[in-house]
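Novice: Listed below are the residues making up each chain.
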Amino acid sequence: MKEEKPDIFSFLISKKDFRDWVLQPNEERTYFWEKWMEEHQEHLKEVYKAREFIERLEFKQERLSEEDLNLLLGKIIASERIHSNPFPPQREYFPIWQKQWFRIAAILAVMVLSSVLMEGIFRNQIIPAETVGIEWKEFHNPRGKKSKITLPDGTLVHLNHESTLRFPKKFMGTSRSVELTGEAFFEVVPNDTLPFIVQAGVLKAEVLGTSFNIQSFDYNRSSSISLVTGKVRVSFQEQQDLNNEILIPGEQLNFDKHQKKALRSKFDMESVTAWKDGILIFRDSGFENFIKQLERWYGVDFQIYGTSKQKWKVNGRYQDQKLDDILIGLKFVYDIDYKIQGKNVILKVN
Amino acid sequence: MAFQKIRTSPYHAKGSDKDDPLKKKAFIKEDQALWNSFKAGEEAAFIHIYNAFANILYNYGCQFTTDHELVKDCLQDFFVYLREKRSRLGITTSIKFYLMKSFKRRVIHHLEKAKQENRRNENFTYFQFPVELSHEALYIQQQMEEEQLLNLEQALKSLGSKEREAIYYFYYEGFSYEQIADIFDFSHISSARRLIYKGLANIRKVMMSFIVGQMIILYFNSFN
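Listed in order, the protein sequences are those of chains A and B. Just so we're aligned: the first sequence equals residues 1 to 350 in this note's numbering. Just so we're aligned: the second sequence equals residues 1001 to 1224 in this note's numbering.
Just so you know, these hints were derived from the structure itself, not from any lab. Treat the hints with care, as some may be off.
To be verified - So the derived list for chain B, only partly shown, Cβ under 10 Å to chain A, looks like this:
(1) Y1050
(2) P1130
(3) L1133
Claimed, not checked - Below are the PhoX-like pairs computed for lysine-lysine, each with C-alpha atoms no more than 20 Å apart in a straight line:
(4) A:K60 <-> B:K1072
(5) A:K60 <-> B:K1157
(6) A:K331 <-> A:K348
(7) A:K16 <-> B:K1072
(8) B:K1085 <-> A:K60
(9) B:K1085 <-> A:K75
To be verified - If we take Cβ atoms under 8 Å as the criterion, some of the chain B residues that face chain A in the derived model are:
(10) Y1058
(11) T1065
(12) Y1098
(13) V1131
(14) Q1143
(15) M1144
(16) S1176
(17) Q1179
Treat the numbers as computed from the prediction; the structure is a model and nothing was measured. Using N, Cα and C, we set each Cβ at its ideal position, and we do this for glycine too.
Start from the sequences and build out the full structure, keeping to the hints where you can.
Specialist: What follows is the structure in structure tokens.
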């Protein structure tokens, strides 16, 4: 029986067309392979396995930083000039300010480093006694990066950019507790005996198997918890006058950090959770808000010249699009010019 | 979709247009035009090429050795060489492939020189083109079990460095069999196919033994 069955797995993984579909799907390829699967229902499992195998393959990834690349480029261009110039300039020549600059940079680096260490020590001190002995894991996303994390209990966390998630390597005790700064979407694995607790600044969300979004960025005036399915109990740390709130699906709780007030409201499901699916949404966004969102999403810095005569009101839904494509589209609506140089974007507004 | 990817390689990042048959011609033209302007001495074209490929080459070089400084030195030499010889360089329809092929020669030359000078004793080809299977549970409909993943990974690790290199070109850089034959200096495409198949044959064995194992379990379960 084994001989009769062709080895579909090997056939697929060594086929260029299949590889191209897995790694770079497009309409045509998806059409072809979905049809193929329809006609070969009995091999469906093998197709999924072959796909998974290709997607899981990982090679070592090494990158030079932007700074290293620029330094290297400078050396490459300079070395040719020295070569072609019959009277090469004296290479030992270094202006004094340059040396000075170097020294200052070194001191700064040390200061920055030591403050980071201090923070680390400080942090260790405030860990509550019950958590001593538990090994913690921390994930941090810089601007422009999003990731998915599976917790030890199988709970899936979509972590947004500029966000940090801390959780124990192993959940112990009577609850599953994690800490969040920034924004995350949780798909919690149900467990009646072990409540899942997210601590995000003042807000504390306690759940028993549910999916919800928490936003608690330091730079935002308010934090929010939006419930998609299940049940969540929200409590407030060090806010005696606020009662616990129980949210039902479709409800959002906003906490204003300045006024120390909590407000319940309905929320728009798509605009709150789209980010986890790689969708960037603008709803009547003003200029500043629009630029800020792009900076965070793509991890870039905008340099803006000029001011707009029009009032901006950007609407749009972008899925997995390049920054370039968004800005090109915008040129049809607003009088702008732009130039993208690596992580810097120069934007001229007329 | 049941499958979601979080990993990207230069091949993935290039966007799907590149080998869309309709757009492929346009890309070849684009590559040709860019390469020709570079050869004609246009500085902007050089910077463009450098920005687009420096990190791809760096990552590629680092597959051959753990000595990152050596790769960095090679990269510098390589671009200096390209600039000096620019008017005499050949023509190409794929800049990436052209650069990778000649960069490989340079890295291997440097590695061999370093070995002769006894500066390094990196005889372990084990470190070359290390490949792994991600264990992240990123699939909603995961088909492979942890044990199977471990077995597959073991099979990958037991491959020769040449086979792993071929797998790198095929899955990571998205090369065709033709390009793989070219970069290995094989005169026949069939040799490239054979190299990939040989590597994959090991993996196939693991898959088959797993299927047989599952069948045995099913067989015994049917008694209960």
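Novice: Does the structure break any of the earlier hints, and which numbers would those be?
Specialist: 7, 8, 11, 12, 17
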